[in-house]
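**Q** Given the sequences, and given the hints that come with them, work out the whole structure.
Listed here are the chains, written in short residue letters.
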Amino acid sequence: MSPDFLYAVEVILNGLMAGVMYSLVALGFVLIFKASGIFNYAQGVMALFAALTLVGFQTGQVPFSHLINAMFGTDYHNWSNGMNNFMAIVLTMLVMIAFAWLVERIVLKHLVNQEPIILFMATIGLAFFMEGFGDLMWGANIKVLDVGIPSGGSFWLEDVTRGWAAEGSEYYGMYIDVLDVWAAVIAVVLVVALTLFSQFTKTGRALRAVADDHQAALTVGISLRAIWVIVWSIAGFVALVAGIMWGSKSGVQFSLSLIALKALPVLILGGFTSIPGAIIGGLVIGVGEKLFEYSIGPMIGGATENWFAYVLALLFLMFRPQGLFGDKIIERV
Amino acid sequence: MFYRESGDFKTSYAADQQTFPIRFDRWAIGLVCAFAFLVMPFLINDYWEKSVLLPFLVWAMAALGLNILTGYCGQVSLGTGGFMAVGAYASYKLTTSFPELNLFIVILLSGGVTATVGILFGLPSLRIKGFYLAVATLAAQFFLVWLFNKVPWFYNYSASGMITAPERTMLGIAISGPNSPPWATYLFCLVIVVFFAVIAKNLTRGRIGRSWMAIRDMDIAAEIIGVAPLKAKLSAFAISSFYIGVSGAMFFMVYLGAAEPTEAFGIDKSFLVLFMIIIGGLGSIFGSFVGAAFMTLMPVLFKNIMVGGLGWPTDLVSHIIFMLIGGLIMFFLIVEPHGLAQLWRVTKEKLRLWPFPH
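These protein sequence lines are chains A and X, in that order.
If you number the first sequence the way numbering that gives the first Met the number 0 does, the last residue is 332 and the count never jumps.
If you number the second sequence the way numbering that gives the first Met the number 0 does, the last residue is 357 and the count never jumps.
It is possible that some hints are incorrect.
Here are some chain X residues pointing at chain A (derived, C-beta under 7 Å) [said to hold, decoys possible]: (1) Y131; (2) K149; (3) P151; (4) M297; (5) F321; (6) L332.
No more than 30 Å apart at the CA atoms, straight line, and that leaves these computed lysine-lysine pairs for BS3-like [unchecked claim]: (7) X:K302 / A:K142; (8) X:K347 / X:K200; (9) X:K9 / X:K200; (10) X:K9 / X:K347; (11) A:K248 / X:K230; (12) X:K230 / A:K327; (13) X:K349 / X:K9; (14) A:K142 / A:K248; (15) A:K327 / A:K142.
Hint data in this document are derived by calculation from the structure and do not stem from the laboratory.
Predicted model only: the values in this text are computed from it and were never measured.
The beta carbon of each residue, even a glycine, is placed where N, CA and C say it ideally should be.
**A** Have a look at this one:
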């Protein structure tokens, strides 16, 4: 096989891996959108917040230490040497559930029946609030997150692929981050778990009922508000998983919240209401932007990954406004 | 008592249809303008110019533009930063290619260039709406900023990739460049902003403004009663982009003096302007000004209190400001979706009746 072909394969594989990461964030969006019709811009910041909280628990930071020190002139930083990964993840999950409950109590309850775009803007406000809150609570410096998932290139894969290349060609094997492979596995597990949950549990059935028709669900005795808390908690859980994966990949930092923006074109491509759509949209965007950068990027100056996804989504929207798997948009006067 | 329409007799159609039908309003606006034009230039110093007045004017202009598109025509745009970049780079290219060109004309032409780009990115709005459109405008934001980073022609092949505003004078006084006196830059921006605010106010009162509002309220119904969506949406995109382009040109030429696209025109600027119009009031010219004033003054105020007064570190204060902004956005959307402008309207309604309860 020629090195060029192998490079292209490597690019596609890396694109798929990147796509899985986008899908992880997009999943949280779809869950909330289906159940409450809210387009939750804060999903990316939720991932950042979850990752920050996880690191904070792991290293045993004192929450708000920065603020307390500034106010009272004290010098607190850590209250212990931290705790093990399992404890930290469980505690972070509890924090995310508490957060879901608070959001429902303080914000969503008052915005029932508002136009979707008002709700969207409210979640932008929520994103800003959480960003400031997370930084205030745990500090804004870049943190290392390590929950024991292996990372780095795989020597085995490099050796195998080098063998495939033609004799005497300059090819040194594929580089694929093991962490990305793990992310893909975890994403698959997550999707399967979510599907099982929504198909075979009572709560899951209630979730689907709410997604189908709010009012009909209310009349058969499903509590909308409880469902919303549950959905936001699940979205918080998905955000935690996404936060762990992105955090182990590139450190826990502010730019993590920007992946929410990348998830938007993913959703448009896949359709807002479809879980498989989110996955496939993520993969298409991931592969598309990597391939575009590899084949056309060098000709026009590179760094096309910044905008390719959006332009692709824009072009796509012109032909199919509801996305690949979305429900058909019907408008009535 | 003072604020009422009784006793203010209209004897002609022109008087009946004037922009501010209540005498008190006319007086108040006149006084504010007189203060801004005649008194402020003598009081201004470097600090007030750079950290309060110029940013306020520039953002008020951008907020006016976005309010036309989002507040009046109902098309949410997250591409404001990108369109401001178009205005800035157009003014840079124009003023370096034609150094003799008057700065007013440069800025107006940059607005025109931005309007063209705005129409181009507004085309998808004919087919998609709501947050689908918001995502489509994100394409404008990221693509335009990338373009200005990557194509050397836009920054005249300068080594740093930055653009720097050359010194341009008017009536012998420097308006752009490092030697410009504060009062001159202030007056320059003030004239532009007041002029276009008046135009915006009248546009939104007229036929075209009403067609925008019809589209905003329900586009299918508007189409049925004879509003052409193509014309209404694209004109909103064009005029809004014109305003935003002018504000981008002022932002770069007069306020910043030097700019780098990712830093100066990033997505955070798009959100900033969106927040201004939410807090100020969607669909209100007055609200654009209030929102811009609020969002430029609040961080300055908090910095002065917390960093200057309490001695807290700056990064801590910036986190708190973030929280406050987010909290306020949610607060306004929940309690008063029409923003500060609506609060003012309610106050005026109360004033009209005062001292009687009903």
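**Q** Does Y131 (chain X) meet its interface restraint, that is, does its C-beta lie within less than 7 Å of any C-beta in chain A?
**A** Check passed: Cβ of Y131 (chain X) comes within 6 Å of chain A, closer than 7 Å.
**Q** With a cut-off of 7 Å, does the beta carbon of K149 (chain X) approach a beta carbon of chain A closely enough for the hint to hold?
**A** Because about 4 Å separates K149 (chain X) from the closest Cβ in chain A, which is inside the 7 Å limit, the hint holds.
**Q** Any CB of chain A closer than 7 Å to the CB of P151 (chain X)?
**A** Violated, about 9 Å.
**Q** Regarding the pair K230 (chain X) and K327 (chain A), is the alpha-carbon distance no greater than 30 Å?
**A** Within the cut-off at roughly 26 Å; holds.
**Q** Is the Cα-Cα distance between K9 (chain X) and K200 (chain X) 30 Å or less?
**A** With Cα atoms ~21 Å apart, K9 (chain X) and K200 (chain X) stay inside 30 Å; holds.
**Q** Has the given pair, K347 (chain X) with K200 (chain X), been kept, meaning a C-alpha gap of at most 30 Å?
**A** With Cα atoms ~19 Å apart, K347 (chain X) and K200 (chain X) stay inside 30 Å; holds.
**Q** Are the Cα positions of K248 (chain A) and K230 (chain X) separated by 30 Å at most?
**A** 48 Å, violated
**Q** Per the CB criterion, is M297 (chain X) less than 7 Å away from chain A?
**A** Violated. Min distance 13 Å.
**Q** Please verify whether K302 (chain X) and K142 (chain A) have alpha carbons no more than 30 Å apart.
**A** 27 Å, holds
**Q** Let me know if the C-beta of F321 (chain X) comes in closer than 7 Å to any C-beta of chain A, holds or violated.
**A** Cβ of F321 (chain X) sits 3 Å from chain A, so the hint holds.
**Q** Within 30 Å, alpha carbon to alpha carbon, are K349 (chain X) and K9 (chain X)?
**A** 23 Å, holds
**Q** Is the straight-line distance between the alpha-carbon of K327 (chain A) and that of K142 (chain A) 30 Å or less?
**A** Roughly 43 Å separates the two Cα atoms, so the pair is violated.
Hint compliance for this structure: hints 3, 4, 11 and 15 are not met, and every other hint is.
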